[in-house]
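Q: Residue-level listing of the chains:
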Amino acid sequence: MRDALLTSAVGSYPKPDYLVRARNAYAQGKLDVQELRQLERKATEDWVRVQERVGLDVLVHGEQERGDMVAYFAGEPGGVVIEGMKLGGLVRSYGNRYYHKPIIAGKLRWPGPMTVDMWRFTQSLTDRPVKGMLTGPYTMVEWSFNEYYPTREEAVMDMALVIREEVKALVAAGCRYIQIDEPAIHTRPEEDFDMAVEAFRRVVEGIDCEFHTHICYGPIEKIYPEMLRLPVRQIHLAFKNTGFQYLKLLEEHPWPADKVLGVGVTDVHNHKVESVEEVVEGMKLVLRLLPPEQVWVLPDCGLKTRTPEEAEAKLRVMVEGVQRVKRELGLD
Amino acid sequence: MLTTVVGHYPKIPNRPRPARLRQAIARYERGEISRQELARIEDEVTVEVIQEQIEAGIDIISDGQIRWEDDQTYIARRLSGFDINGLVRYLDTNTYFRQPVVVGEVRHRETFLVQDWRFAQKHSPRPVKAIVTGPVTLARLSRDEHYHDHRRLVMALAEALAPEVKALAEAGAPVVQVNEPLILWHPEDLPLLREALQVMLAGVACETALYTWFGSIERVYPQLLELPVTTIGIDLVSQPRNWQVLGQHAFPADRKLGAGIVDGRNTRLESVEEIVASVRHLTRIVPPDRLYLNPSCGLEYLPREVAQDKLRRLAEGARAARQALGVEA
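Protein chains in written order, with my numbering: chain A, 1 to 332; chain B, 1001 to 1329.
Quick caveat, the hints were computed from the structure, so don't treat them as lab data. Predicted model, so just to flag it, every value in this text is computed and none were measured. One or more hints might be untrue.
[To be verified] A short, non-exhaustive set of chain A residues, derived as facing chain B with CB atoms under 7 angstroms:
id: 1; residue: 103
id: 2; residue: 150
id: 3; residue: 151
id: 4; residue: 154
id: 5; residue: 187
Even for Gly, the Cβ is constructed at its ideal location relative to N, Cα and C.
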């Protein structure tokens, strides 16, 4: 019963102002890499303390060193670049928001550890487990231009080998939980889903570690129950933002006993902080269908778009909600 | 055999050139500049992208849809009957648009596209096509909380857009292009689209086009050719199988093909030889004088400099193809 209703977070936390300024200064060559690293670590440590204070069971490092979950591996200032990738020019994603879309310009190869130092540093700060955080091969390719590979599939399969090497390096460093995000996996469900699952299998197969994945906003109904073929222990979905509508899918096709459901209970795109009651209410809907041992509780997505205060408040109501439900169920 | 574009063009260049529109929108949103000031920047950027298309050597250009936040809301905001809701992914891209919600009778208010077109044509020595998102695509990408009847919504949209199209034709637009990518996902809408276009394009004497992209034409071809427009635009890059489908049917003598042969979604530049090979293949299906060559879709999925390189390459490829085939532009 110890492992019922564990709490965690999805990945990113907001960056403090001093770090945003430092990243700009570094990009303009006005700050050296040592100083940037020091500030990234200071911000990471602050987030570890916040998570401990709030009482999360499994921590994340908060991605203070990353801008974007794909571009970080393709040449964002300060990151280690996957061989064959580079940053492209600005492309608009919506409204007035732009990002540097990466380009796959050559054969993809693992450049050596990309995320291990930061994971090791974060884990050294706390007794609680810290998740390793990676982006899955399908999303890495789908959110990049491809100038090298004749087909998307060939790019995705080579990317899987790159991510696999990083997974092995994290596990060798002692990492027990690794979350591999695939938010793009439902982009072309009919055409590409089997390929994406096969690539994921190539990333994790035969490696002894607990794997999680996070899939956000999009037509989840098009990949359920097929998504259950993903070789992971936990699949996390954004329940709050979609009004717990996904539960209908679970009513039609029951969630399997060998998988954990990660439930998003706070909306990361809304400034309003949910009440503890809202969190409890959401959890109870889920617990009608699943035993508490099969449920983890998290925010809907990375919290980086909130203010630091909002992010902490959203974690706090989540943990209070979980504690209340555990008391009611006699699990504490 | 003329070259053209499908529609949008990247709004901001990369360093060292300044991202003026991005900055202006941010300042406008913070209340630091007026709507007029923002409109002035939009005008200047429109002139810039007109010049870039002409420099690249394109025969029939667009205004780059610089003022459009996306293909849906720019129109929905200017008709009555719409609210604008949260972000939704646009088809299979990694771009998002705010979903229009139909909350009342959809009606035309006052013209807007015709002002945009006049401005662009005034600043372009080459013909500028006018672009409007079609009624089926608008209906399919909106949420209907008013009509609760797809057919009625599509017809209401067609009627609301008709005055705009009429004004464009009267103002002298050489081509009015209707964008209907969603018809590829909803072949059941074909008869309805036909009816809607008859209303929307009634009495329009200029050349008309209907463009599609991203999807397979398999379920709508050759019926697509029976729609009451002069030109049908087909993306031959995203779905290579579209080549085969196109080749399986005779192309009617009273229609033109807008052939999307340069990838508008990938930075890899096609070679001149690849373009010539595509054109050779095309001319076995459609004679050169009824062929437009264009990118597979709008160019906003690319960085600005790459978009212009793509157009330059398209124009070069078209020149080489004309020479190889011994045809005139």
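Q: Now look at each hint and say whether the structure bears it out.
A: Verification of the hints:
1. 103: Residue 103 (chain A) check passes; min Cβ-Cβ to chain B is 6 angstroms, inside 7 angstroms.
2. 150: violated (11 angstroms)
3. 151: Violated, because the Cβ-Cβ distance from residue 151 (chain A) to chain B comes to roughly 11 angstroms (cut-off 7 angstroms).
4. 154: Not OK, violated: residue 154 (chain A) not within 7 angstroms of chain B, min 14 angstroms.
5. 187: Cβ of residue 187 (chain A) sits 5 angstroms from chain B, so the hint holds.
Violated hints, listed in ascending order, are 2, 3 and 4; each of the other numbered hints is respected by the structure.
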